[in-house]
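Residue numbers (my numbering), protein chains in the order written: chain C, 1 to 179; chain F, 1 to 179; chain Z, 1 to 379; chain D, 1 to 379.
Hints are supplied without guarantee of correctness; some may be wrong.
To be verified - In silico DSS-like cross-links for lysine-lysine, where the CA-CA straight-line distance does not exceed 27 angstroms:
(1) 101/D to 101/Z
(2) 243/Z to 282/Z
(3) 243/Z to 211/Z
(4) 164/Z to 101/D
(5) 282/D to 314/D
(6) 367/Z to 367/D
(7) 115/Z to 101/D
(8) 347/D to 347/Z
(9) 164/Z to 241/Z
(10) 367/Z to 101/D
The set of hints was computed from the structure by calculation and includes no laboratory data.
Computed from a predicted structure; not experimentally measured.
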Amino acid sequence: MSEIKFTKLLEAFDRVAETAARRSAQTIGRRSALSAIGKLLVGGAILPVLPFDRSGSARADTAHGAGEADCEYWRYCALDGFLCSCCGGSISACPPGTEPSKVTWVGTCHNPQDGKDYLISYNDCCGKTTCGRCLCNGNVGERPGYRMGIHNDINWCMANTQSMYHCTVSVIVGVAEGK
Amino acid sequence: MSEIKFTKLLEAFDRVAETAARRSAQTIGRRSALSAIGKLLVGGAILPVLPFDRSGSARADTAHGAGEADCEYWRYCALDGFLCSCCGGSISACPPGTEPSKVTWVGTCHNPQDGKDYLISYNDCCGKTTCGRCLCNGNVGERPGYRMGIHNDINWCMANTQSMYHCTVSVIVGVAEGK
Amino acid sequence: MVNRLGLALTFLALGTASGLADDLKVETPRVATLSPTMQRVYVADAALPHMVDGRIYLLDGADMSLKGMFEAGFAGMMLAAPDKHRLYVATTFYERLTRGKRSDVIQVFDDQSLKVVDEIPLPSRRAQALSYRSLFQSSSDGKLLLLQNATPATSVMAVDPSSKRQLEIASPGCYGIYPAMTRALRFATLCGDGTAGTITIAANLKSSERKTGAKVFDPDGDPLFIHAERDGDTYVFLSFKGKLVRMSVEGETAAVTETLDMAAGTSDWAPGGYQPFAVDAKAGVAYVLMHSGASNGSHKNPSAEIWAYDLRNKRLAARSPVTGLTSLTLAASDPTTLFAINLVDSKIVRLGIDSQTRGIKPTGEIKLGETAALIEAPR
Amino acid sequence: MVNRLGLALTFLALGTASGLADDLKVETPRVATLSPTMQRVYVADAALPHMVDGRIYLLDGADMSLKGMFEAGFAGMMLAAPDKHRLYVATTFYERLTRGKRSDVIQVFDDQSLKVVDEIPLPSRRAQALSYRSLFQSSSDGKLLLLQNATPATSVMAVDPSSKRQLEIASPGCYGIYPAMTRALRFATLCGDGTAGTITIAANLKSSERKTGAKVFDPDGDPLFIHAERDGDTYVFLSFKGKLVRMSVEGETAAVTETLDMAAGTSDWAPGGYQPFAVDAKAGVAYVLMHSGASNGSHKNPSAEIWAYDLRNKRLAARSPVTGLTSLTLAASDPTTLFAINLVDSKIVRLGIDSQTRGIKPTGEIKLGETAALIEAPR
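The shape of chain C in the complex, shown without the other chains (with noise of 0.2 angstroms):
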């Protein structure tokens, strides 16, 4: 799955690259870029390695005892929108209907419990309307779109087929090594 996913994101970035060389009159070093980027499957091959900011590694503020159904809780320390856990889902289940995005940002957050700093993927819940319930507004390590990889004000149901947005979960694809 998180192959998938990090080959969905290198092939849509290709596809745009390749439109627009077809389009405009600008050069893209395709093959440098793309051998750039190759380097990453033989470095973290199974992470969906998205760019992140390493300073931003997350301290959730009261993340002891909230619950899942909490904004406060550690794993959504960068979460922008609906709680699937309250909307028929659960951290790392969609509800019902809907099918997880096929992108994705990614936060770092800090799991008090064992004190160690996580990858966090947001996937979105995708072709339900919004579900509207427990709307959390975390940034930690959250950039502009220039760094889209850890961008959240963007509807990451953009490239699936049914690319409506109707809650977001927090699943661990990773721990961040200490600083």
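Position chains F, Z and D relative to chain C; hints supplied.
Below, chains F, Z and D alone, put in the same frame as chain C:
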């Protein structure tokens, strides 16, 4: 305008009756019915004289001093919807970009200023997404849909080409004679 | 090229800086499934402030948690068919959200996947009204869907969901659909002159016949709510002033067989709400949302109490102080459980009935809904 | 027939019982019109709980009353063109509200009638993002619309609204559109590696060229907000830590010409919000939404104060305690008036500036909006 509304409503009744006559085996005495309705045009020509409940003359609860953006204002005694006064229109004007409904329901509300009961036509304003401000729910004299002309749990933009409901105005179309 | 490379390098930096701990369990997002045996509660919410985006909530009555939702579009109406594992939603779409070509349809949802599995096109005459049970029904054999039209002239659309064949049945001046229990092709409707029409549809779905009997209610003096409850092969209706009216719609014309004055001697109290009562047919008890200070126009007022009326012994069994409710339904699977909409506090409430005293107490709730009107617990 | 007649008789009874009093002024509903000279304030509200039904509110700044609204659909973005009397809204529609065929378009509204007068179809690549000014711009001569795409790969769509001809311009890793003031076919964009791309579009709208200069900001240590304000022929950007960065995008590559550390010596304070500052170019003053207790992730926090920073004398002129604001704009017609979104209390606020002290006080408000992000007062 009142005449137009009334005519449209009759046309609507006739249209469905015709359709039904064509499609089903039931026999509706169209001539008799039209003849009976025809008398109305003599009796009260310029009023959109929809069926309403004579015993239902309104006494607005706290009408004295209530403004046109308050649900308590006397004319709103049977209004179920968003006040156009809060949406860019006024008590008798639809907001820009919308159009008044072609058919309406009618309430009878008591004006505490002059002590008279007035017939109020609740025109929905149509063609823009719902306003969402100042939701009121007055039901004086309201009846279920078997008395459609005084029913308010339905979209009165239904006969407009653009039938989206935006808000509701309250215009005086007659005075109810003393009981 | 620089930008592209810049992005790639950011990827790379991360790739080397992160890794998997030995004991880390990497998760992948999955899609939740529904228990096939859950206590289903459906709530239709017109979401008036954003009327294009009405929705139907699916709750698990066991813990009052939200399990999923169905799109209801603009002024959508719902009809659950648990035996077929379907939820039907009659609604309207516009080409440009609020403008352009209007398409009226019945969307057929699978009640396990919550996905649309079929769509039945309709003429653009369906009543764009608040969802009341009597505006969207199925015939007693479950083979036909019966949907109220209003343009504002009224008619009923009989729809075969399998073939999508349809028949429009004129019913001018009448509203509400009450299918006969023993005659699958028959239904009744309430009319503005106080009569009820009885419509019998031809088996080939090509024609219908209508008969009208004597007056069955007083639309001026004491109108009937259009919500009705089944009790054996009769319907129980409720009047604005608190009369319970039993009607048989099985014959060629509808007939009142019993009238019980539930609120007699309590002139200040009256029923109110959008779905103001529920009937336990087995026990013979009606549960009614009642408010005091009743007056002209208070017939949609929220409850101050729930009254339990014993239909067999013709007496008020209990009055329970439960406030703010505007819609009420009895769980099909459990006659000691009611579900209700509290419009005042925007929540959905579960209530327990003491089967001895018929006293009622809240036993659970969820904060949910904006302008919800219809609640059903069909299994 | 009886029912039909019954209805007719009800009509008749009313017809005879009612009449017009001699002095009664019968009203007919009319449609309100807008004053052509009103102080227009536009507020884009994504309405997240009902995201298909976003809207743009039109306020009269003189009395903070709502004058009308525009449909914004799903994640719509707005761009006002007051000189053309147009409001452009880039948005997405689905055939069945939330499902089915996706149509991305620019809806062209007339700003007097508030009606859609034209529609420009787009490929389905536009950024379905919160409305930021820099994501939907027009070229400095007003002839081209420039819209951010994201799939999530980023590009910019240049659209001629007259001919509807379009050019997609790749800008991988970059985001935001900053049109050059003296070169109508040029714009800059911020990139994830800290550079800015400068794109020059061919006059025939068939190709474009991009150049990239040196780093202009530090996306890791102190990122720039993507909102920027015009000041003469430069843009003023703002960093997360409170640096005001002046950039010229007129040349072949963008260049920083000045950096002012507004928050120097107040380490606990930082800017925050979705549209966190406004610049009065004539007076040379920046107004910035500031919060204390700044930390990683607080860059969208609502204001505790508005700081007025004197760009010419490079000093903080005033700190005014105005809380809860997340978006701020200066009235184009009056440099002593700001308009702002208060997301905390869901209201839109007008603020008055003391032109001597640069102190700021609220002077009016309206309760409005759910998740509004962008506010503009273009004339």
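Taking the hints in turn, this is what the structure says about them:
1. 101/D to 101/Z: This hinted pair holds, its Cα atoms lying about 15 angstroms apart.
2. 243/Z to 282/Z: holds (20 angstroms)
3. 243/Z to 211/Z: holds (25 angstroms)
4. 164/Z to 101/D: OK: residue 164/Z and residue 101/D at ~23 angstroms, within 27 angstroms.
5. 282/D to 314/D: Distance ~15 angstroms between residue 282/D and residue 314/D Cα, so the pair holds.
6. 367/Z to 367/D: The given pair, whose Cα atoms are some 23 angstroms apart, holds under the 27 angstroms limit.
7. 115/Z to 101/D: Status holds; Cα separation ~16 angstroms.
8. 347/D to 347/Z: Measuring from Cα to Cα gives roughly 25 angstroms; hence the hint holds.
9. 164/Z to 241/Z: violated (41 angstroms)
10. 367/Z to 101/D: Distance of about 34 angstroms is beyond 27 angstroms: violated.
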